Amino acid sequence: MSSIRLSIAERSLDTGLTLLAVQNPRVQTYACVMSLEIRPGDEPAEKSGLANLVGECLDEGTEHYGALELASAAENLGAMLEGNQRGGVVMCPATSSKEATALLREMVVEPVFPGHEVRRVQGEVLTEIKAEEDDPRAVASRRFRKEIYGEHPLGRQLHGSARSVAKLKPKDLREFHDEWFRPAGGYVAAAGPDEPERTLDRLEQVFGKFRGKPAKHRPMPALDLAPSGRDAHLPMAREQVHIYLGHLGIRRTHPDFYVLTVMDHILGTGPGFTSRCSRKLRDEQGLCYAVSAGITASAGEEPGTFTAYIGTSPEHRQKAIDGFLDEIRRIRTEVPSPQELQDVKDYLTGSFVFALERNSNLAAYAIRARRFELGFDFVQRYPDLVRAVTAEQVREASERHLHPDRLAVVSAGAS
Amino acid sequence: MMKTMKQGETKPAEAKMLPDVEVVELDNGFKALLVERGPLPVVASVMWYRVGARDEHTGETGVSHFLEHMMFKGTKQFAKGQIDLQTSKMGGSNNAFTDNDSTAYYFAMAADRWETALEIESSRMRGCLLDPLEFASEKNVVLEELAMGEDDPWRPLYQTTESLLFQVHPYHHPVIGYREDLERLTAQQMRGYYERHYGPNRAFLVVVGAIDKARTKQRIQDLFGPIPRAIDRPVALKEPVAQGERRAVLRTPHSVTRLCIGFPTCRMGERDDYALDVLAHDLGNSKNSRLYKRLVLKDELVIEVSVMNETRQDPGALLVLCELREGANPARVEAAIREEVGKQIAEGVDKRDLERIRSQIRASFLFQDEAALDLAMKLSRFEAGAPEGYRTLETVLPTYDSLTRKELRQVAAKYFDFDRAAIVWAMPAAGAQTAASAQAKDQPSGGGKDERGKQKKGEQKGKKAGKRA
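Residue numbers (our numbering), protein chains in the order written: chain G, 2 to 416; chain U, 91 to 559.
Among the hints, a few may not be true.
[To be verified] Listing some non-contacts, in silico: residues in chain U with all C-beta distances to chain G over 12 angstroms:
1. Q257
2. R305
3. R337
4. A476
[As the list claims (entries may be wrong)] Derived lysine-lysine pairs resembling DSS-like cross-links, with alpha carbons at most 30 angstroms apart:
5. U:K229 - G:K281
6. G:K346 - U:K303
7. G:K214 - G:K346
8. G:K281 - U:K170
Simulated from the structure, these hints should not be mistaken for laboratory data. Note that the structure is a prediction, hence the values are computed from the model and not measured. All C-beta atoms in this analysis are idealised placements derived from N, C-alpha and C, irrespective of residue type, glycine included.
Sequences are here, hints too, so could you generate the full structure?
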């Protein structure tokens, strides 16, 4: 894997927007991702769901296109164009990359949030919220986040609540967009067959006129581990019960990240039935179809969560929880065997390359490498970072970061 | 209309749909398609069996999918756990799925270690252990998967539509099987099914990536050449033409109303199948589609509409699925769909819309070439289902381009007949319980096993059932 070389280039604009380009010479397709500096705390607590609704409505009309015209323009290029709460993404045949990039900019930078369309999408989001209320896995997941993050902005639901979303007005969306969709601190990354410098020229042409003063973000409140555990069950008339178990996790920049990546794969995110949790709870005990446990997947700019999940029959609820607890305690106290450690290292160092096949993944990789200051040579260094992890480091990091006496256990579904 | 070309011959745009494929054919009926490509050092393989729920008899429903699970539980050469462990050590991933017509097993691996995948596939073609203890344990996993599907709001809706559309053909029964059949199924019954259906003449292999083709061909000959044939695939019962609309209303614990309308259609790869793809796009798969504009934008009756052209080895179905907005009148939704389908039959597809749809279809094929596994899957699907196998990819875009508006109108009229349709509603049962109506039972806890004491007593619509999907 050390032979992999990615051709990546970067250009910083005077507006504070960073442009990134990755060459993927084998493909005939193109992807461009726009990710601005918009933080969970930028959304007022009483307007929870506003950022999501802004993202959902970006493609409902712009300065130059009506909603259907924008969709037609993208579809005529064979492009998939989608907005989100931090920007958007477009994927298309490489022959349409210039036009598709311009459409992405138009959608993210110049939306108009027409009243009628916003109210329609608002109604759709309210139905989605209602549908989520039916889904025990979503219900348990939402309550789990609340238990971990409390009133912190990360404890809010992406969609918001039925009450908060119903109160939102088109004016709220316009104001949120005006205040937070600014170039400073944001990234635009593109991947496709062209030379990176050529791609950067195109990006600069399209995004050079995206201007605006830097936004003034509120500082995010500090987060602490809950002092003690908590167990909640939300009964619903279903066949299975969905259980989430965990606590506050780490940031992506935490120095233990790579040791914990190895730990995750030993404990609960290894492929197939190679992790301890899937081997024990699914393969040996037959308790479930879906099971996982890990701390690194959710690590971002803010702390993620250590999360163990299982969907099982209600009579197995406690057995499943006890199974997780046994494995958490074990990995905190026993060093993994040399073979177990080597197997995981083989997997991690061999599988990393699969994240570099698709354009959208390459663009996201470039943004991640820059945002978390990993360096563009991260792809070359990653195998060595993994190989350097020792068994004792895994045990020590598990002891530092996994807290079986401070777990929130939340389940929803059959009782 | 359909032109044939020599492999490797270039032609603008659509010529790139088919990569340079080397075909290996063995005397026992086994076939492999090899595609060498770089620069990333990855290899993807798909082992595709022409064995699926369609091959099951009454009383043994779900055996194909359950067998797919058991294929990871040990073979003569790879003990239980070794398939996943070896895959992991190769830096790879593996998985599998079962559908009505097929069962497919796939690997994505680093190029310097991938050949172990060939050994695994060879070993489990005839050497799966089907150990009774493992069988009993895995049955619980399959029953949990079944329970997960029963909680999914789309699964029962989809399944009921299928069971109404197909009353004689084995597409009638769910891929995952009926609970009663699964509970009764024995390891011995599964062994009989496995030995009857799994063999080189019922399978093919697709390999894409940084391979040495000459070496790979030799390995395939060595590993698969000695394996004896299985029985040829039996012909399934033919579904008679429906004599009138079939309708059902499900009362569900979900609080959102959903609708599925199914129209019986044709076989995969027939010319009408291409026309149905275009008609499905025109009806419901973008903001500019007829049903989206009418139901989501104009009438604001539904939040989501999708149209799926699900052709198969035997005649399949086209499905229209909707999720209604709160308070929307179901009768208005159904009437609007009937009206829009009627308009499509009368007017056909607008010229500009046809160009837009062709662009989308063309792009969707290109996107499937980005990752080695996606390309291997694309080749597999065509090899399995199209009359000319993987070579159909040479002509697939010209075929879409050759469809005339008149022909599209004729195909719409031929299949979108509500007198032959299945119409299934899923509506909230009185007192449907959601989290909002449920009260949490909170218990403070120390979080540990000792504190918590002893045990207390106590997841898209879709047709596939998978090992870990």
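For K346 of chain G and K303 of chain U, compute the direct alpha-carbon distance and say whether it is at most 30 angstroms.
holds, 29 angstroms
With 12 angstroms as the threshold, tell me whether Q257 of chain U passes as away from chain G on beta-carbon distances.
The claim stands: Q257 of chain U keeps its Cβ more than 12 angstroms from every Cβ of chain G (closest is about 27 angstroms).
R337 of chain U remote from chain G - nearest C-beta pair above 12 angstroms:
Label holds. Min Cβ-Cβ 24 angstroms, cutoff 12 angstroms.
Could you grab the alpha-carbon distance between K281 of chain G and K170 of chain U and see if it respects the 30 angstroms cut-off?
Cα-Cα ~13 angstroms, so holds.
Is it true that the CA of K214 of chain G sits at most 30 angstroms from the CA of K346 of chain G?
Violated - the C-alpha atoms of K346 of chain G and K214 of chain G are around 45 angstroms apart, more than 30 angstroms.
30 angstroms Cα cutoff - pair K229 of chain U, K281 of chain G:
With Cα atoms ~15 angstroms apart, K229 of chain U and K281 of chain G stay inside 30 angstroms; holds.
12 angstroms Cβ clearance of R305 of chain U from chain G:
holds, 20 angstroms
Examine each Cβ of chain G, and state whether all of them lie more than 12 angstroms from the Cβ of A476 of chain U.
holds, 22 angstroms
When the structure is compared with the earlier hints, a violation turns up for hint 7 alone.
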